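*Asks:* Sequence:
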Amino acid sequence: MKQVISHLATVIGLLVISSSVLAEQQLYVEPQVQQKPILNLIQQSKKNIDVVIYEFSDPTLIKALGEAEKRGVKVRVLMTSRIHGNYAPIWKNIHEFQDEGIEVKRTNPDFTYTHQKTFIFDNKKALISTGNMDFDRYPNSRNFLVLTDEPQEVKQIVDVYHADWQHQRPHLTQQQLTASQLVWSPINATSALVKLINSAQHSMDIYALEMSDPAIVSALEQALKRGVDVSIIYSKAPFAWSQQDLIKLYRQGANLRVLEDSAPFIHAKAILVDGKQAYIGSENFTTNSLQRNRELGIITQQPTVLNTLKSTLAHDMATPAYRVSELVSSPYLALPHQTQH
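Per mature numbering (1 follows the signal peptide of the UniProt record, and there is no 0): the sequence shown = residues -23 to -1, 1 to 318.
For the record, the hints were derived by calculation from the structure and aren't laboratory data. Check before you lean on any hint, since a few could be wrong.
[Said to hold, decoys possible] Here are the computed lysine-lysine pairs in the DSS-like style, where the Cα-Cα straight-line distance is at most 30 Å:
1) Lys213 to Lys287
2) Lys47 to Lys23
3) Lys202 to Lys172
4) Lys51 to Lys69
5) Lys51 to Lys23
6) Lys13 to Lys24
7) Lys101 to Lys40
As the structure is a computational prediction, the values presented were derived from the model and not from experiment.
Please take these sequences and the hints and turn them into a complete structure.
*Replies:* So this is what it looks like as structure tokens:
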């Protein structure tokens, strides 16, 4: 009997230990948390922090990364080679990082934009963001950040970072990327998102900044035809090429909710399918974003992430919105201006 009890105690102990190291994901919601979770992760890092970003202007985060570098943490920042509009802020931010002793490199110019927004901490955790690090300029944007410590996912993100840091050619292929939950542009983004949309049986809730890619729009049209309840949350924003496709989906039965200006600006890119799985990432639903940029998103089934996403959706769906029937015949849904966020 003593041997049995001892064996059970050992088994229970192993289960407790294994459960404590199981991979987890956590979802942070902006603008509520602002820089707090990122600052905590920076301060907790011991060995290295790798960042790949489109825009990074927040002085609090730049200073925190500089402090990490000074205490012996190796910090590298990979910034986009191109940006829409004025390049001056990018050069200013690069000099700010360099002043902190941080190594900065421009990304591979083979990509139209490097629009990915990711932190890697000690090669053990990765933070995948829908938003840039520009809280100083856009403090009221709806964005999501997914923290993962799943070993295969983190390893793949690290491997791609190293390849992109070296401007590796030829680029990594689908066959080399085995973490199936990760959504990479320009590798598998279109196929992964179309597959996700095609899996919907009952409902689909979408946060969209832009919506114009033919494959994505077609998949959403097919979902509507098979009776899926499709809702799209959007802000009245200057993305002219999205207007036509959003209106087309609205007229085919999609619930298009255009939030009033007092609400957080919808910068998030997310798709919740049947309440059971979700895409969250940097990819906009445009051809350029999916097929020409370097981008990263993740498809997750983690209950904690889904529950937070659902509660945020419920809040935003209850937020005051414009009357879409009036917007579709007016210039207010979108203005004729092109940008990339």
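*Asks:* Okay, which hints does this one fail, numbers in order?
*Replies:* Of the numbered hints given earlier, the structure breaks none, since each of them holds.
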